[in-house]
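Q: Okay, here's what each chain looks like letter by letter:
Protein chains: 2
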Amino acid sequence: MHFEAFSASELAAYLKGIPAVSARLGEDSELDVMEVGDGNLNYVYFVSSARDPRRSVVVKQAPPFLRLVGESWPLPRERMEREVAALRRFGALCPEHVPSVYHADSEKYLMVMQRLDSHRVLRQALTEGIVYPRLAGHISTFLARTLFHGSDLYLAPNEKKTAVSGDINAELCRITEDLVFTFPFEDNPSNVYSPALPAAAVERLRTHEPLRRAAGEMKWAFMNHAETLVHGDLHTGSIMANEHETYVIDPEFAFYGPMGFDTGAFIANLLLACYAREWHDRAAGREPQAYQRWLLDQTEAVWNGFAQKFAQLWRAHEHETGRAWIGGAADTRAAEAFREDFMRRLLADTLGFAGCKMIRRIVGVAKVAEITSIEDEAVRAQVEVRCLKLAEALLVQRRELASIEAATALAAQVLAEPANT
Amino acid sequence: MHFEAFSASELAAYLKGIPAVSARLGEDSELDVMEVGDGNLNYVYFVSSARDPRRSVVVKQAPPFLRLVGESWPLPRERMEREVAALRRFGALCPEHVPSVYHADSEKYLMVMQRLDSHRVLRQALTEGIVYPRLAGHISTFLARTLFHGSDLYLAPNEKKTAVSGDINAELCRITEDLVFTFPFEDNPSNVYSPALPAAAVERLRTHEPLRRAAGEMKWAFMNHAETLVHGDLHTGSIMANEHETYVIDPEFAFYGPMGFDTGAFIANLLLACYAREWHDRAAGREPQAYQRWLLDQTEAVWNGFAQKFAQLWRAHEHETGRAWIGGAADTRAAEAFREDFMRRLLADTLGFAGCKMIRRIVGVAKVAEITSIEDEAVRAQVEVRCLKLAEALLVQRRELASIEAATALAAQVLAEPANT
Numbered sequence: 001m002h003f004e005a006f007s008a009s010e011l012a013a014y015l016k017g018i019p020a021v022s023a024r025l026g027e028d029s030e031l032d033v034m035e036v037g038d039g040n041l042n043y044v045y046f047v048s049s050a051r052d053p054r055r056s057v058v059v060k061q062a063p064p065f066l067r068l069v070g071e072s073w074p075l076p077r078e079r080m081e082r083e084v085a086a087l088r089r090f091g092a093l094c095p096e097h098v099p100s101v102y103h104a105d106s107e108k109y110l111m112v113m114q115r116l117d118s119h120r121v122l123r124q125a126l127t128e129g130i131v132y133p134r135l136a137g138h139i140s141t142f143l144a145r146t147l148f149h150g151s152d153l154y155l156a157p158n159e160k161k162t163a164v165s166g167d168i169n170a171e172l173c174r175i176t177e178d179l180v181f182t183f184p185f186e187d188n189p190s191n192v193y194s195p196a197l198p199a200a201a202v203e204r205l206r207t208h209e210p211l212r213r214a215a216g217e218m219k220w221a222f223m224n225h226a227e228t229l230v231h232g233d234l235h236t237g238s239i240m241a242n243e244h245e246t247y248v249i250d251p252e253f254a255f256y257g258p259m260g261f262d263t264g265a266f267i268a269n270l271l272l273a274c275y276a277r278e279w280h281d282r283a284a285g286r287e288p289q290a291y292q293r294w295l296l297d298q299t300e301a302v303w304n305g306f307a308q309k310f311a312q313l314w315r316a317h318e319h320e321t322g323r324a325w326i327g328g329a330a331d332t333r334a335a336e337a338f339r340e341d342f343m344r345r346l347l348a349d350t351l352g353f354a355g356c357k358m359i360r361r362i363v364g365v366a367k368v369a370e371i372t373s374i375e376d377e378a379v380r381a382q383v384e385v386r387c388l389k390l391a392e393a394l395l396v397q398r399r400e401l402a403s404i405e406a407a408t409a410l411a412a413q414v415l416a417e418p419a420n421t
Numbered sequence: 001m002h003f004e005a006f007s008a009s010e011l012a013a014y015l016k017g018i019p020a021v022s023a024r025l026g027e028d029s030e031l032d033v034m035e036v037g038d039g040n041l042n043y044v045y046f047v048s049s050a051r052d053p054r055r056s057v058v059v060k061q062a063p064p065f066l067r068l069v070g071e072s073w074p075l076p077r078e079r080m081e082r083e084v085a086a087l088r089r090f091g092a093l094c095p096e097h098v099p100s101v102y103h104a105d106s107e108k109y110l111m112v113m114q115r116l117d118s119h120r121v122l123r124q125a126l127t128e129g130i131v132y133p134r135l136a137g138h139i140s141t142f143l144a145r146t147l148f149h150g151s152d153l154y155l156a157p158n159e160k161k162t163a164v165s166g167d168i169n170a171e172l173c174r175i176t177e178d179l180v181f182t183f184p185f186e187d188n189p190s191n192v193y194s195p196a197l198p199a200a201a202v203e204r205l206r207t208h209e210p211l212r213r214a215a216g217e218m219k220w221a222f223m224n225h226a227e228t229l230v231h232g233d234l235h236t237g238s239i240m241a242n243e244h245e246t247y248v249i250d251p252e253f254a255f256y257g258p259m260g261f262d263t264g265a266f267i268a269n270l271l272l273a274c275y276a277r278e279w280h281d282r283a284a285g286r287e288p289q290a291y292q293r294w295l296l297d298q299t300e301a302v303w304n305g306f307a308q309k310f311a312q313l314w315r316a317h318e319h320e321t322g323r324a325w326i327g328g329a330a331d332t333r334a335a336e337a338f339r340e341d342f343m344r345r346l347l348a349d350t351l352g353f354a355g356c357k358m359i360r361r362i363v364g365v366a367k368v369a370e371i372t373s374i375e376d377e378a379v380r381a382q383v384e385v386r387c388l389k390l391a392e393a394l395l396v397q398r399r400e401l402a403s404i405e406a407a408t409a410l411a412a413q414v415l416a417e418p419a420n421t
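Chains A and B, in that order, give the protein sequences. 186 is the number that the numbering used here gives to position 186 of the first sequence; each next residue is one higher, with no gaps. 421 is the number that the numbering used here gives to position 421 of the second sequence; each next residue is one higher, with no gaps.
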């Protein structure tokens, strides 16, 4: 299959020919096409009716290569299909938090989806210190519904296994295996260290045994524990929000993996945002504590909300079928005790994955804007050292931290200590 | 595809037409065909040259239904293909312990394989108290080579994921999920209890919380941890041995699952054989202690041999590639520490799976002959109660038992205590 990017007029003509899209944009109107992607990976367009700009869609085209480099850097040809399939699957489970897909065309590597025009990318909003009161409630709902319904706790064994077999996504998993779980822990040419980051902090990632043992266990879990269809890249750049609504986007990394990888990714990014306040609030002439506390509160709220909703879906399913997943009747004490063990183990996984995700954002090639935008190199290095310190503690202590409150207390403690840069 | 069983003359004519088989049996000889299967599941024949009976093969035909019942009880049509693929895969890794496959025919659900005519089914041999001096060495080699080379520790990530996707085996996994991990822990009509087995012992499987939590965790691991291509049914009836050689047969349950499921299955069956000595030796007028000790020694030797060989394969692979699986150079202390953690966790999995496999053999529908052949109902119940007690202890204490010697000491201790029937 050959890939060709559309010109604006070609894209408009193409969309006019798709009834489901044309009806949404207005059949009798000219279309305005605006390219809005960052240009690295994909082509992204806003397309709207010239007559009524409120009638609008997003078009995303994912070429089978890295756009920035060209065909010499191939990417899996099915990544758009995978993203469409995951959006539809998650959308069926959680329609209020997943954009609708109006049209998908595998041959053109293209999909047309709901425009979220009153929403902002969460990472930017958190960098500006915006409070979204419904965020934790929405994300915990999204996590509970998607992670539960893809698992053996809900699906029949053969349905689950068929899904595992279909949702392998080897090429994109490989990126995570390398960039999250391997390269940060070695002297790898792809790593990028900020100018003032102390050599000792980098050296520790390559030599400190308890940290490396824990990171190795998380890598094993990522590669082997096919628990559910995870989003696979659930950082704050994959979420769009406003005061009333929250949407999860960009699931092209979706695969059958460990549940804690999604919960951990989201929590890692709340913690990175929290630690980066030292710069952003002070640069704006504010004290950081209030918003930092709000971010730690969100960390607690999203885990506790998730754990409560997940357990409730599970309990309700067992009562409906009359059977406990571990065998026997649904309402035995043993079924409830197993559920508690399960959620406790899932919290440990969550904290371990959060630690790995934080580390890769500090020393790996893919950074986060709330930290790279810190202009003062010394302050940035202090923030980074604290992030690495917290990440290590989360990884090493993940099985001892008995609640999310224990983890956020640790985060507050590391924040209060001097960052030895 | 329609299935039809061969008559003896049809089978002989068919085999004459297969050059690889015909050459082995002698092209100019009449063939003797003898059916030897137990008749439940498959058709199994010994076919030999009438002129030279040492020229001989085994033919196995696996109809897509339960032979005992007929087409009304369908079985997966690909089970013979799966068994052939697993035999070839394991055979490539471990040719001295896996019978050669000379010919496979998917349309006829048939394969022709190496005849093991001087070997005995290990379960029978152990019931008779035979000592095979090379058994633990051979099985530990088989386990180390097969479990290592199917895993992410050896395979490239995309190779491993392709293998996972292809080796799902949902129907046969379902049998294990039900019969090993679910039905024994509930009042299920498929369970079969021996006449004198005390009600309290059965009741405990349905109500004792620590045991049920542990069994639930093993079920989760079985269904979710796609670590390597496991044999999937590695009990002592799947092994043929003599004083010099050991072969592993019947891998139709092979799938990508947890490594500890194979190591645990083998150890569980050694422990069942050990506990059953109370009857078999005394019935033969011998004291059981010597052979019981030999069986416990084998349990230790197979685990320790496996752990040492597995770690050595891993270490050699890392030195060859120059890279540690956890990132960095192969010879860091952290790489070795991770390896130790890994083997320790694998021992815990092994003991947990061993516990589940022992329980299913006592209360599930599929029994083991060394226990069902105990004629005295009271003695049988004592043996069964001890098996359940040890199984529970292995499950609940699996993470605290720091070595296989700690597990065998526990086995010896339960054996020495009165069985409260």
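By construction, these hints were calculated from the structure, which means they are not laboratory data. None of the values given here were measured: they were computed from a predicted structure. Note that beta-carbon positions come from the ideal geometry of N, C-alpha and C, so glycine has one too. Possibly wrong hints are sitting among the right ones.
What the hints assert, rightly or not - Okay, derived cross-link-like pairs now, DMTMM-like style, lysine to aspartate or glutamate, Cα gap no bigger than 25 Å in a straight line: (1) B:309 <-> A:27; (2) A:16 <-> A:27; (3) B:309 <-> A:209; (4) B:108 <-> B:71.
Stated by the list, open to error - Computed, partial: chain B to chain A, Cβ under 7 Å: (5) 182; (6) 206; (7) 213; (8) 216; (9) 226; (10) 289; (11) 292; (12) 326; (13) 327; (14) 337.
Q: So, for every hint listed, does it hold in this structure?
A: So, going through the hints one by one against the coordinates:
1. B:309 <-> A:27: 70 Å, violated
2. A:16 <-> A:27: At roughly 7 Å apart (the allowed maximum being 25 Å), residue 27 of chain A and residue 16 of chain A satisfy the hint.
3. B:309 <-> A:209: Distance of about 24 Å is within 25 Å: holds.
4. B:108 <-> B:71: 15 Å, holds
5. 182: With a minimum Cβ separation of about 4 Å from chain A (threshold 7 Å), the hint on residue 182 of chain B holds.
6. 206: Holds: closest Cβ of chain A sits about 6 Å from residue 206 of chain B, inside 7 Å.
7. 213: OK, holds: residue 213 of chain B within 7 Å of chain A, min 5 Å.
8. 216: Cβ of residue 216 of chain B sits 4 Å from chain A, so the hint holds.
9. 226: Result: holds, 5 Å to nearest chain A Cβ.
10. 289: 36 Å, violated
11. 292: 32 Å, violated
12. 326: This interface hint holds because 4 Å falls under the 7 Å limit.
13. 327: 4 Å, holds
14. 337: Holds: closest Cβ of chain A sits about 5 Å from residue 337 of chain B, inside 7 Å.
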